[in-house]
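Turn these sequences into a full structure, and let the hints guide you.
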Amino acid sequence: MKAYTKKLTALAFSMVMVSALFTGCSDDKGATEAAKTASTNTGNVYKEKYDPPVTISTVWGVDPELKFKNGENIENNVATKWAKDTLGIDIKSLWSVTDTNNAFATKLRLSMASGQQMPDVVTVGDAQLAQDLIDSGMFQDAGALFDKYASDTWKKAMAQDPNVWNTYMRDGKRMGIPVLDYAYNHDYILWIRQDWLDKLGLAAPKTIDELEKVMEAFKNNNPDGLKPEDVIPLSIGFKTTMNTWMGDPSWIFGAYGTIPQQWNKGADGKLEYGSINPAMKQGLVKLNEWYNKGFIPKEAALWDENKTSEPAVAGKAGILPGPYWMSGWPLSDTVKNVKSAVWKPIALPTGPDGKAGRHGTQFTNGVTLISTQMEHPEAFFTYQNYMFKNLADSQPGGVFDNGLFKGYDYDMDASGKALRYEDIPGGYVNSIRYLLVRDGARIPDAQMKALLNLADGKEATTRLEKEVKLNYGLDTPAAAKVLMSQEGIAYPNLYTGPTTTTMKSKMDYLNKIENQSLNEIIYGKQPADSFDKFVESWKSSGGDQITKEVNDWYSQLNTK
Amino acid sequence: MKHLKRNWPLHLMLVPSLIFLIVFSLVPMGGIVMAFQNYKPFLGFTKSAWVGLDNFRALFERQDSIEVIWNTLIISGLKIIFNLLAPFTFALLLNEVRKAFFKRFVQTLVYLPHFLSWVILGGILLDVLSTDGGFVNQILTSLFGIKPIFFLGDNNWFRFTVIVSDVWKEFGFGTIVFLAALANVNPSLYEAAEIDGASRWKQTLHITIPSMLPIAVVVGTLALGNILNAGFDQIFNLYNPLVYQKGDIIDTFVYRTAILNGEMGLGTAIGLFKSVISMVLILVSYRLAYKLANYRIF
Amino acid sequence: MYHKTKAYRLFSVINTIVLIILSLLCIIPLIHVLAVSFSSKAAADANLVSLWPVNFSLEAYKKTIDNPVFLHSIWVSVKRTVIGTGLTLLLSFMAAYPLSKENSVFKGRNFYSWLFVFTMIFSGGLVPFYIVIQKLHLMDSFWVLVLPGAVNVYLTILLMNFFRGIPKELEEAAFIDGAGHFRTLFSIFLPVSLPSIATLALFSVVFHWNSWFDGLLYMNNSKSFPLATFLQTVIVQKDMSSMSINPKEFELLSQKTVNAAQIFIGALPVLLVYPFLQKYFVKGLVMGSVKE
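Protein sequence lines correspond, in order, to chains R, S and H.
Residues in the first sequence are numbered consecutively from 1, following the working numbering.
Residues in the second sequence are numbered consecutively from 1001, following the working numbering.
Residues in the third sequence are numbered consecutively from 2001, following the working numbering.
Bear in mind the hints are in silico, worked out from the structure with no lab data behind them.
Errors might be hidden in some of the hints.
[Stated by the list, open to error] DSSO-like, lysine-lysine: derived pairs with alpha carbons at most 30 Å apart:
| # | chain 1 | residue 1 | chain 2 | residue 2 |
| --- | --- | --- | --- | --- |
| 1 | R | 548 | S | 1202 |
| 2 | R | 155 | R | 539 |
| 3 | H | 2168 | H | 2063 |
| 4 | H | 2062 | R | 69 |
| 5 | R | 281 | R | 173 |
| 6 | R | 281 | R | 533 |
| 7 | R | 458 | R | 481 |
| 8 | R | 298 | S | 1147 |
| 9 | S | 1103 | H | 2062 |
| 10 | H | 2168 | S | 1202 |
| 11 | R | 344 | R | 355 |
| 12 | R | 81 | H | 2223 |
| 13 | H | 2062 | R | 339 |
| 14 | H | 2063 | R | 336 |
| 15 | R | 406 | H | 2223 |
| 16 | H | 2223 | R | 69 |
| 17 | S | 1040 | R | 506 |
| 18 | R | 270 | R | 69 |
| 19 | R | 469 | H | 2063 |
| 20 | R | 173 | R | 47 |
| 21 | R | 417 | H | 2006 |
| 22 | R | 336 | H | 2062 |
| 23 | R | 84 | H | 2223 |
| 24 | R | 206 | R | 469 |
| 25 | S | 1147 | R | 293 |
| 26 | R | 458 | R | 344 |
| 27 | H | 2223 | R | 92 |
| 28 | H | 2279 | R | 81 |
| 29 | S | 1099 | H | 2063 |
| 30 | H | 2062 | S | 1047 |
As structure tokens, this is what we get:
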């Protein structure tokens, strides 16, 4: 038998050699091609419409919920047809993958590894993937192209937060074009059962102390007659993180002056990791107290975001933290279970020093990269400039005044009145997602402006106002107003750079001990003072080094 | 030469399988070089930087390395044992059922949970095992007067919960292979035993169990190939900060550090480590079976 | 005789009760999932459903089945399951026979069987595999679902062990009659090992029917997805942190009910296969008849 295992090992090794040779060739080919084409793309002119048509190749990570009608698909649909007819741009799809379980990132990495053709233009949401792609050197200085070709509308939109470029800087070059998103989309407020408050004769809580009184009343004197053990006054969860979007507990720490699990500006002007700020301790003590009193779910440590909405929709929870758009989904379903339920948005309560805080939202949700091999990079700007002008900044009477494509994301009845989306013949499909850059084009502050206009009782006139009115939950404008009443309290995550060396090797362990310590304090398994011990070990296990790296990046940023 | 002449059909029968194995398994094994590289997709195998054993260090030089590896071994070891014992016992019980309809009915029902995903089961377990009015705790409290047990959030209970729920999910499916072994038993053996006046218990002991044992040994040995796979889907859906200490396993660690970050070198290195350990264990149990029972598992 | 003793009758009663309880334990969660799949979104999202649908609704099934890709994906799955299982069975059957020989009879079997086990334990990972698939031009082809997994070492080893249980006399008799290895395999081994092959078939069918990751990775678009892949993509993972928001989409979906419905749509065909294969498990059916 020994002889055989030896042979086996030998065989295995020879296989290793064979396949190494086998795969080696593909890489060389890719590299030479890149070198060859880098120099050819000069002398193109920006046009409004290209004749003969130019081609932009791309790859798609298709959102699982994206639907198609009329036998279309992502390669070939109303949007690709439109681009060809209107702009003379042929969108060529190299491949597409339904983006579930990280499939898009995996497939893109694999296709890179196997030397497949890289797309001219690719939009990526996954931060790490974006960094890897930039590092590959296959993509060009998009910032320079942006300066040269982008329209004023787009440039102005981008200028609303110049920090959006930070993530994609390499040696002073902007290697990707950030995909802008609406501001404040993930900033949260508190949603509270107004009907319970009314029946109890209580006002909306403004401070943590008042909040405790309200929770006490919700639980022990429940207006719907629920038994105390059935009520969850405040539905939050922290299965994976304390800094999330729904059922988020981070504002409790915000009331004492920090936001966990992100990088905030410390007292000395340097960046500090929020979870090691001493203010955390006060928040943890509070949460432990609430846990003991039954104000938060007994199993909050096991609950993810969706789970926190369950008791809210079931009519058993009094307060649910979450974004301003939640009055549509999920809260609108509550009345189907409890007829008298009324959810209203309220501002975040303040702590003993009058502080309040929540995490902020980046103005961007991804990046578009432009290949060095792209023959007509200006065509991409033709496309996007059109979108910024006509879709993002749509004016009454404009081409996309009612929506993007008739019969897809909007439709009219015989009298020319816009239909609600569920009445569109053949069904609503979100054709905006067929566009080259996901969501077409968005101007960060546009959504909030539209909502505030509506909240002030203005008629819906622009596309965005109409869309918000037709499709969002009824309380959305009011919630937006509540959100903006506390505009200054948001802590944006100030570190948006690539994963640093020490982060790569240590961050997972640090996250682990952090989650563990914080949860154990909340559950009373450790005394509050063990927080200091956690901070000690966080710092000594690599945290200090990471802080240094993060600040190096940050200071470099400010000098430029 | 004479040997080859006589046995050429035997070699020939293996050829199709070998072709498939070479193309789809042995050739790709060249990728194992990634374990020693800081692999970057755009650089490929030839140009990615060689980093020696750095990727292995990432697994072994963490403060919680031992904890994680130990958790993996315990959870998967116990799973292997109970996922062998439970179907084995169940097949024996089922073998005693005379009514064919009832037998088939039970058989069909118990194999259903195999088709549930852990995403769904995770949600169900969260409710059923809740300390706040969950079904299981209600029964424990009313029948035995025990204080509610935090099955999913208590370091003393988490592994227990993981193993029991996994056995519950898989025992029905695992029974199938034993039923096939039983179907192969020659009925004349039982007839002869009965004529000799052997009791049913004796028949089980001397005919039924021995006829299932070889398959049990094979299944058990092959399961050792998974000794460092403690069940990613399950743990990932069930674990939480309160039980990291006893519940974090190699695969969840790989997911967080390698998969999510696209660190292919690290992923390959850990995969290689797991394979080597599995291979060693399989070798050992192969030798044991051969020495003790003179039986070649494969 | 034995089943007439008092002790055995008592055992039978207890055994029946135990089996019933176990069956119930297995079926109740499924009933719950079934109930959720037929409930309204509002009730399911509020976790109000236990064992009976609340506000009966077919929405979840409609959402899945309404997709034009759905029917085609079933066809792809049937095709891959039938062809894939057939191929796996054939290969395992042919490979298990020589491997079941003693090393003294078939020199080289130890080498082969270790090679098989080696490929089961070690793997080069996704990257080189993907490259091989690409070089063979299997990308976006139906055959990528069938060929790479055609050899199932685990099943081959199982079958090899079943083969060893076949009485040597059968084989020797065949040789004396002048049969070669191939004829012995197909005319003697095949009929007596039907229960084992049924087991293998079941494992292979379940494997093929449930595999989804290969479809997702190697198919260039959803038109050629098998059912399992398609169903995987119907479920939306709501990861808000990196997603732009379209509230319209939220209103249209409930992860819970669709998830639940998906299980039944996906698993039903396999569940139906099982009782059909079960008849091969009837004890001793084949062995007995061969003996005479």
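Here is how each hint holds up against the structure:
In summary, the hint linking residue 548/R to residue 1202/S is not supported, as the alpha carbons are separated by about 73 Å, beyond the 30 Å threshold. Taking the CA atoms of residue 155/R and residue 539/R, the gap is near 41 Å; set against the 30 Å cutoff, the hint is violated. Distance hint between residue 2168/H and residue 2063/H is unfulfilled; the C-alpha atoms sit about 57 Å from each other, more than 30 Å. For the proposed pair residue 2062/H and residue 69/R, the alpha carbon gap of about 16 Å is at most 30 Å, so the pair holds.
At roughly 41 Å between alpha-carbon atoms, residue 281/R and residue 173/R are farther apart than 30 Å, so this suggested pair is violated. The straight-line distance between the Cα atoms of residue 281/R and residue 533/R is roughly 12 Å, inside the 30 Å bound, and the hint therefore holds. Restraint check: the Cα-Cα separation between residue 458/R and residue 481/R comes to about 14 Å, which is no more than 30 Å; the hinted pair holds. Proximity of residue 298/R to residue 1147/S is assessed by CA-CA distance (about 14 Å); at most 30 Å being required, the pair is judged to hold.
At roughly 35 Å between alpha-carbon atoms, residue 1103/S and residue 2062/H are farther apart than 30 Å, so this suggested pair is violated. Of the pairs offered as hints, the one joining residue 2168/H and residue 1202/S holds, with about 26 Å between alpha carbons and a cut-off of 30 Å not exceeded. Between residue 344/R and residue 355/R the CA atoms are separated by roughly 22 Å; this keeps the pair inside 30 Å, and the hint holds. Among the hinted pairs, residue 81/R with residue 2223/H is consistent with the structure: their alpha-carbon atoms are about 20 Å apart, no more than 30 Å.
Taken as a hint, the residue 2062/H and residue 339/R pair is honoured in the structure, with Cα atoms around 27 Å apart against an allowance of 30 Å. Of the supplied pair hints, the one linking residue 2063/H and residue 336/R holds, its CA atoms being roughly 21 Å apart against a limit of 30 Å. At roughly 25 Å between alpha-carbon atoms, residue 406/R and residue 2223/H fall within 30 Å of each other, so this suggested pair holds. Between the alpha carbons of residue 2223/H and residue 69/R the distance comes to roughly 13 Å, so the proposed pair stays at or under 30 Å and holds.
At most 30 Å may separate the alpha-carbon atoms for a hinted pair to count; residue 1040/S and residue 506/R meet this at roughly 20 Å. Taking the CA atoms of residue 270/R and residue 69/R, the gap is near 52 Å; set against the 30 Å cutoff, the hint is violated. Using a Cα cut-off of 30 Å, the hinted pair residue 469/R and residue 2063/H holds, with the two alpha carbons roughly 26 Å apart. Simply put, residue 173/R and residue 47/R have alpha-carbon atoms about 25 Å apart, close enough for the 30 Å limit, and the pair holds.
Taking the CA atoms of residue 417/R and residue 2006/H, the gap is about 83 Å. The hint is violated against a cut of 30 Å. Only pairs whose Cα atoms come within 30 Å are accepted, and residue 336/R paired with residue 2062/H is accepted, the gap being roughly 21 Å. Proximity of residue 84/R to residue 2223/H is assessed by CA-CA distance (about 23 Å); at most 30 Å being required, the pair is judged to hold. Distance restraint check for residue 206/R and residue 469/R: the Cα-Cα separation of roughly 29 Å lies within the 30 Å cut-off, and the hinted pair is therefore satisfied.
The suggested pairing of residue 1147/S with residue 293/R holds, with an alpha-carbon distance near 18 Å, which does not exceed 30 Å. The straight-line distance between the Cα atoms of residue 458/R and residue 344/R is roughly 21 Å, inside the 30 Å bound, and the hint therefore holds. Note on residue 2223/H and residue 92/R: the hinted pairing holds, with a Cα-Cα distance of about 17 Å set against a maximum of 30 Å. Taking the CA atoms of residue 2279/H and residue 81/R, the gap is about 56 Å. The hint is violated against a cut of 30 Å.
Proposed proximity of residue 1099/S and residue 2063/H is contradicted: the alpha carbons are some 42 Å apart, above 30 Å. Between residue 2062/H and residue 1047/S, the direct Cα distance comes to roughly 51 Å. Violation of the 30 Å bound is thereby established for this hinted pair.
In this structure, the earlier hints numbered 1, 2, 3, 5, 9, 18, 21, 28, 29 and 30 are contradicted, and the remaining ones agree with it.
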